[in-house]
Amino acid sequence: MNLNYSDLIKIEKPSRYLGGEFNSCENCDFTKISNCFCFPDLYEVGMSHTGMKILYELINSLDSSFCERCFAPKEDFAQMLNEKGLKLFSLESHTQLKDFDFLHFTFQYEMSYTNFLYMLDLADIPFYSKDRDDSCPIIIGGGPCAVNLEPLADFLDVIIVGDGEEVNVKLQSIYKKGMSKQEFFDKIKGIDGVYIPSLYEINEQQFSIVNCNEKIKKAIVKNLNNAFYLSKPVVPNIDIVHNRGAVELFRGCTRGCRFCQAGYIYRPVRERTIDKICDLSSSIVKNTGYGEISLFSLSTGDYSNLLELIKKLKENPILKNVKFSLPSLRLDSFKGAYSFESKKSSLTFAPEAGTQRLRDVINKNITEDNILHSLEDAFNANYDKIKLYFMIGLPTETMLDIQGIVELSKKIQSVYQGIKGNKKRPKLTVSTSIFVPKPFTPFQFEKFADKNDITMKTDYLKKELKAIGVNYNYHDYDISLIETILARGDRKLAKVILNAYKLGCIFDGWTDKFNYDKWCQALNEIDITNYINEIDENIPLPWDHIDIGVSKEYLKNERKKSREAQTTRDCRQGCTNCGLIKFGGCGVINKI
Amino acid sequence: MLLIKFRKVGTFAYISYLDCRDVIIQTIKRAGIEFSYSQGFNPHELVYFTPPTSLGIESFCEYAYIVTDYNDIDNFVLKFNELSPKGLKVDWVKNIDKKPNFYDLIDCAKYIIKLSKPLQVDFSKIDLVGDDLEFADKVFNISYIDNEIHCVLACGQKNNLKPSKLISHLQTIENFEVIKIIKTNLYNFKDKNNLIDIDMLL
Ligand code: SF4
Chain D
1 MNLNYSDLIK
11 IEKPSRYLGG
21 EFNSCENCDF
31 TKISNCFCFP
41 DLYEVGMSHT
51 GMKILYELIN
61 SLDSSFCERC
71 FAPKEDFAQM
81 LNEKGLKLFS
91 LESHTQLKDF
101 DFLHFTFQYE
111 MSYTNFLYML
121 DLADIPFYSK
131 DRDDSCPIII
141 GGGPCAVNLE
151 PLADFLDVII
161 VGDGEEVNVK
171 LQSIYKKGMS
181 KQEFFDKIKG
191 IDGVYIPSLY
201 EINEQQFSIV
211 NCNEKIKKAI
221 VKNLNNAFYL
231 SKPVVPNIDI
241 VHNRGAVELF
251 RGCTRGCRFC
261 QAGYIYRPVR
271 ERTIDKICDL
281 SSSIVKNTGY
291 GEISLFSLST
301 GDYSNLLELI
311 KKLKENPILK
321 NVKFSLPSLR
331 LDSFKGAYSF
341 ESKKSSLTFA
351 PEAGTQRLRD
361 VINKNITEDN
371 ILHSLEDAFN
381 ANYDKIKLYF
391 MIGLPTETML
401 DIQGIVELSK
411 KIQSVYQGIK
421 GNKKRPKLTV
431 STSIFVPKPF
441 TPFQFEKFAD
451 KNDITMKTDY
461 LKKELKAIGV
471 NYNYHDYDIS
481 LIETILARGD
491 RKLAKVILNA
501 YKLGCIFDGW
511 TDKFNYDKWC
521 QALNEIDITN
531 YINEIDENIP
541 LPWDHIDIGV
551 SKEYLKNERK
561 KSREAQTTRD
571 CRQGCTNCGL
581 IKFGGCGVIN
591 KI
Chain G
1 MLLIKFRKVG
11 TFAYISYLDC
21 RDVIIQTIKR
31 AGIEFSYSQG
41 FNPHELVYFT
51 PPTSLGIESF
61 CEYAYIVTDY
71 NDIDNFVLKF
81 NELSPKGLKV
91 DWVKNIDKKP
101 NFYDLIDCAK
111 YIIKLSKPLQ
121 VDFSKIDLVG
131 DDLEFADKVF
141 NISYIDNEIH
151 CVLACGQKNN
161 LKPSKLISHL
171 QTIENFEVIK
181 IIKTNLYNFK
191 DKNNLIDIDM
201 LL
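Listed in order, the protein sequences are those of chains D and G. Going by this note's numbering, the first sequence opens with residue 1, and the numbers climb by one from there. Going by this note's numbering, the second sequence opens with residue 1, and the numbers climb by one from there.
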């Protein structure tokens, strides 16, 4: 590294770029297959992400490969690199990204796309895959956005769709140092989860793939219990967003909320056993010194034997001083769970919609009674700070549904008063986000709400919630609009994203950095109505060549049912034939 | 109770005082060594450190006092150094009974400032101590050898001079970059010719 004291001392938190953390890879031997995991956001955000840590540790456990890390730097650091004529480098061996065999980018949210280009630019790597010869690293994209990375398809060499654990090991074992990209692509095409965008042609009218004889099936780790999981995560030297251990209880979700992409793309549900979770928790605590473990999943209350798990964790001597947190508890899930969790300052619940009708439309299978009873429990357990999350701009929504948010808040206040006395009010905060239609959900065809409509609704909520003493936060409309365009994007957007980046858009997910005017300028060339209006169910979609296991017919039918406010049961109570069985099996069924 | 002497070197020099505190606590926890905790609503580990070294300065003279019942000092060094991140290492550990008053003991510190290029100006002609009031009584000793400035600067509670201030001043005379700054010793001040390394007093 050619940076000295005089350089680094000018930078905000230089340690973001310098590595050296406990459990980080020390043996960076470039005669082995060299990998760098790149997270298109700041260190503090990226290092809080468990998926990245799993793949990092996994690749470092292989004999013939090693893996380093790199994060999107803040502007001050980027400017310094440019001034000094340096290129973006990895944390561990301070090697420039250009010199790795593989760069693995993870896309957790669409608003990180420009940061991907920002990192390539700082690394002096050509943006378009067609402009990169064999001397450039192979650039792989993964993460939840991989189910539709068409907007970045022209920039990426390989996209990994689905669970990364097994397919990444396969790719590492197939690759040999010095192998040409073409040879490598020939060897890996056809593997489940591997999508090589350059092999596909585009229909210029609809921008969907034309030469796809067989769909690209997402990779599934069938047995999560035996799958690799981290036990020696890198322990950051500086504070980060979530500085704690994390154990994934299960992957997938059976609830079937119709707006939720994670709920469909991670199917089927696969659980880890209680013993496995206890083992993983204790090795993480031993190997890190962490005093807190987050037991996470998409809906933690749905773990099939949460009570027993809690009992076992409490009995384990290594875990005796460890605090546990259970994120993503649903309103109606097991109430004893609160008492196990370390006491938090506030509880968060997501009713998502203000009326029963709309909750039925989105298939959020909870009733008002569920909500009020759960809150009664929480108030009895002495919680008085409650955060409620709702979405606005949902399909079929009317003002009645928005009023419903206010009514529900009032009812919650009276439940509180019933317990604590008439004059008291709980500290209630309502947050609304704007519904963004996402690929592979029943609502993938829906229209994105108009600005006037959203403004009218947020204005109403601001006024009415203030009147009853409830705090109100809401998401930025413009960011959600761009998110919709990118989420349902096609290959035409590559140019747009590159333009946006060239105009100076980076860190778009950060409200203070997001620049709507520049995005509008970048979007000038295309007709954005195609991306935000309702999509005709019968035309091909840009992501139709990807098979996540849930059939398009199922999604369409779910959408149809939503229009009649008909719910679909949680499929643990009986399979609803989403398509997973045909795809390769579903463990949920075996449980029934 | 344990007194430890440790160093923060290499890139670990860029870990702030508070973060370093957390890293040391976490390392000791990984080693399975139990702390004593403060009383009260929010109990915390009882660990006390010498005054902060500015960010970016490598230091070979950091000390901490740890309240714990653990007393196997050889094992402590072994375990700590095996489980600490790169650049953070313990040099020695002592069993002691009484908490030392670091702030009373420490008056000044020795630094080596490595420069990117040899200085053109005649260093001996720069009068830092006499003229500039800001530095009077704060620069105890200063010399220039082979691209390096060696100096002893005030580092006490009342009288304190950060090396970065001295550097900024020198940079107004001649432009140079600093490769690294190393803090080598902490002293107790008897008189100008009598600086006692606090190693001797602990
Ligand atoms: S196959 Fe049936 S049980 Fe499995 S996820 Fe789909 S609907 Fe649920």
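None of these hints come from the bench; they were simulated from the model. The beta carbon of each residue, even a glycine, is placed where N, CA and C say it ideally should be. Do not rely on the hints blindly, as some may be mistaken.
Stated by the list, open to error - Straight line, CA to CA, 27 Å or less: simulated BS3-like cross-link-like pairs of lysine-lysine:
#1 K187(D) to K176(D)
#2 K447(D) to K462(D)
#3 K84(D) to K114(G)
#4 K13(D) to K29(G)
Stated by the list, open to error - Taking beta-carbon pairs under 7 Å as the criterion, some of the chain D residues facing chain G (in silico):
#5 N2
#6 L3
#7 Y5
#8 E21
#9 V241
#10 G289
#11 W510
#12 T529
What the hints assert, rightly or not - The following residues of chain D were derived to be distant from chain G, with all beta-carbon distances above 10 Å:
#13 E26
#14 C28
#15 S61
#16 N287
#17 S346
#18 T398
#19 K423
#20 K561
#21 G574
#22 G585
- prompt: For this structure, which hints from the list above don't hold up?
  reply: Failing hints, ascending: 5, 6, 9, 11, 12, 13, 16.
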